[in-house]
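Following the hints, complete the assembly by docking chain L onto the known chain H.
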Amino acid sequence: MMKHLRSIDELGHDGLVRLLDLTHHMVEVNRRPVPKVPALRGRTVVSLFFEDSTRTRLSFETAAKRLSADTMTFSVSTSSVNKGESLRDTVETISDMGIDAFVVRHKSTGVPWQISEWTNASVVNAGDGWHQHPTQALVDCFTVREALGKERFDGLTLTIVGDIMHSRVARSNIAAFSMLGARVVLVAPPTLLPPDMSHWPVEVSYRLDDVLERTDILYMLRLQSERMSQGHVPNLREYAETYGLDSARAAKLPLHAVLMHPGPMNRGVEMLIDPSLLSNSLIHKQVANGVAVRMAVLFDLLAGESSVANLAQAST
Amino acid sequence: MSNIVMSADDVRRAVTRIAHEILERQRGGSRLVLVGLQRGGAWLADAIGAAIDAIEPAARVPVGYIDVSMHRDDIGLRPVVPGAISRIDFAIDGVTVVLVDDVLYTGRTVRAALEGVNTYGRPRAVQLAVLVDRGHRELPIRPDYVGKNLPTHIDDDVRATADGVTVEGKPR
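Quick mapping for you: the protein sequence lines, in order, are chains H and L. Note that the first sequence covers residues 1 to 316 in our numbering. Note that the second sequence covers residues 317 to 488 in our numbering.
Chain L extracted, bound-state conformation:
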């Protein structure tokens, strides 16, 4: 059975709040870039980028995407998704990179992304924004911006899109 835990409106409000929080923490959007994790984080990075544009049009925060499949520790267990190619066509040296993903779970994807970002340069700082933090971390990784903290069972299936967030529990 599937439970709706965030509606499309809830997602939109969370995105706007995260955009405000990012700008507040950076004191404006200069020297700030967003990098969405392929694929789940790509739409969210676009949405947060659009929200930042609406709040501070002068900031002109660039949005990129990173495919972390080559950096994973469980490489080969997950297929490489065709078309989900990295695209970071701006310099990241000396800027603050906000990594964006839909669901934060074990933290392994984020670890892979941290390593992947280093192949593009040396950012001043790296922060993490997620729509849902569902717990069950296996690495010492913590998000800076969270849409919703969602306690889940380890077997639950969490899906997050712009249309909302659902949790599907396995029958137990």
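Here chain H stands alone, though its shape is the one from the complex:
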């Protein structure tokens, strides 16, 4: 039981394992002819997205609905933010309506922590700047756990390729996979790596070809096209040639190796082959598991406290 899910470090090893275990229950719920349980009846979940999103927002909303919670969607473009309302006033206004959880995405690091100072509701970080995206890391760990049938990742090498510096997915996955025992290797041009990685439990390489043969999980990140105009890579073609996954590189991977990508994919940049042709691609499974993982997160955050409060009320 936790109050907020803002980062993998805050969740910790035991919390991570608890949520992954709980996800198996949610996968079973999703397979039922009626994939809906009354667990969070009477709770309200608000998605507060200040950045665009397809899969994260939809999977959170689907997850809330499958657990019978009510959902509200805040969309910045039609809100009073356009009239100049501050983040704090927006959060406090929504809080006053009596809600149980905020699912927050914002371009600035730390916004979920800031919001939790202004509300009694639980806060789930659905991506803050370059910093953290904990539910994506949970999805990825669960997908690997299911695909390989292993609860611990000792002896496995996760290779994350691409724009590490600007990637919250990379930061959350480095923390989560190393908590479960995996060795993490980062592959990127120096311009797309953070200046100081001494506190990360990782190994760094500038050459993808050097590490493919000892990779068990190949994790390709999206190269955000706006990075090119900022001078981080000379041009997309050069990046694709050095760091893109083509069929020659795919052939260098061990036979058992699996391929992952958080989406949305840039075909022709980091992905030069059609991943659906690769038998070991887990990309579709990542999306499919997204709903179950987020059900586990919302259940863990919201199932407890309020019902205890209700029972206490009923007995007085």
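Among the clues, some could well be false.
If the Cβ cut is set under 7 Å, some of the chain L residues that face chain H in the computed set are [as the list claims (entries may be wrong)]:
hint	residue
1	M386
2	I391
3	V396
4	I401
5	S402
6	T435
7	Y436
8	G437
9	A441
Computed list of chain H residues with no C-beta within reach of chain L, every gap over 10 Å [what the hints assert, rightly or not]:
hint	residue
10	G12
11	G15
12	R18
13	L22
14	R32
15	S86
16	G263
17	M271
18	N280
19	I283
Okay, the calculated beta carbon distance ranges per label pair [stated by the list, open to error]:
hint	chain 1	residue 1	chain 2	residue 2	range
20	L	D471	H	G42	52 to 62 Å
21	L	G410	H	T54	33 to 43 Å
22	L	R347	H	T93	51 to 61 Å
Keep in mind the hints are simulated off the structure, nothing from the lab. Glycine included, each C-beta is placed from N, C-alpha and C at the ideal position.
Structure of chain L alone, referenced to chain H:
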């Protein structure tokens, strides 16, 4: 202090009798399924299923398990048990479902199971088999098949396994 109220043999005999009663009431085992409530009812559902197999091998009664933690009204007070996942890999539309649990107490778990079963389909009928009925119902729920009626104090701790049933009283 702990009292043994059923021995392993008593449990085995009760399981056999319940299996006979279920088959008698259904006139054979066709269109009949057993669903054990995770976790306490799972072993009992297996045991009753095995007993039915021994009596009427042709019946081929499928056994499944249901985790009711998502359907409880006191959700969050009890942790979800890892690994105790529902498994009902047969259709339940139009068949008789016998819910199986070890101890029947307030009836709240059974209420949750009734609701849970509905997410898998619409059975023709739902019945309830328990090894021990210890009383203190809080809902209008009644078992169809009972191993033993056991009057208890509300604070007693009742444990039922294949090795027997014990009651542990709180000192008062």
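Hint check results:
Contact between M386 of chain L and chain H, as hinted, is supported at the beta carbon level, the nearest pair being about 4 Å apart and thus within 7 Å. The beta carbon of I391 of chain L comes within 5 Å of a beta carbon in chain H, closer than 7 Å, and the hint placing it at the interface holds. Checking V396 of chain L against chain H: minimum C-beta separation of about 6 Å stays under 7 Å; hint holds. Taken as an interface hint, I401 of chain L checks out: its beta carbon lies about 5 Å from the nearest beta carbon of chain H, inside 7 Å.
Against a cut-off of 7 Å between C-beta atoms, the interface hint on S402 of chain L holds, since the closest Cβ of chain H lies about 5 Å away. Interface hint at T435 of chain L: satisfied, since its Cβ lies 4 Å from the closest Cβ of chain H, which is below the 7 Å cut-off. The beta carbon of Y436 of chain L is positioned within 7 Å of a beta carbon in chain H (closest approach about 6 Å), and the interface hint is therefore held. The beta carbon of G437 of chain L is positioned within 7 Å of a beta carbon in chain H (closest approach about 6 Å), and the interface hint is therefore held.
Hint on A441 of chain L is violated. Least Cβ distance to chain H is approximately 19 Å, over the 7 Å limit. No Cβ of chain L approaches the Cβ of G12 of chain H within 10 Å, the least distance being about 17 Å, so the stated non-interface status holds. A cut-off of 10 Å between C-beta atoms confirms that G15 of chain H is not in contact with chain L; the least separation is 13 Å. The claim that R18 of chain H lies off the interface is violated: its Cβ sits roughly 8 Å from the closest Cβ of chain L, which falls inside the 10 Å cut-off.
For L22 of chain H, the shortest C-beta to C-beta distance to chain L comes to about 6 Å, within the 10 Å cut-off, and the non-interface label is violated. The claim that R32 of chain H lies off the interface is violated: its Cβ sits roughly 5 Å from the closest Cβ of chain L, which falls inside the 10 Å cut-off. Listed as outside the interface, S86 of chain H is consistent with that label: its C-beta sits roughly 34 Å from the nearest C-beta of chain L, beyond the 10 Å cut-off. With a minimum CB-CB distance of about 28 Å to chain L, G263 of chain H clears the 10 Å threshold, and the non-interface call stands.
With 10 Å as the threshold on Cβ separation, the claim that M271 of chain H sits away from chain L holds: the shortest Cβ distance comes to roughly 35 Å. For N280 of chain H, the requirement that its beta carbon stay farther than 10 Å from each beta carbon of chain L is met, with the minimum near 26 Å. Residue-level check passed: I283 of chain H sits 25 Å from the nearest beta carbon of chain L, beyond 10 Å. With their beta carbons about 31 Å apart, D471 of chain L and G42 of chain H fall outside the hinted range of 52 to 62 Å.
At roughly 40 Å, the beta-carbon separation of G410 of chain L and T54 of chain H lies within the given 33 to 43 Å, and the hint holds. A hinted range of 51 to 61 Å for the beta carbons of R347 of chain L and T93 of chain H is consistent with their spacing of about 56 Å.
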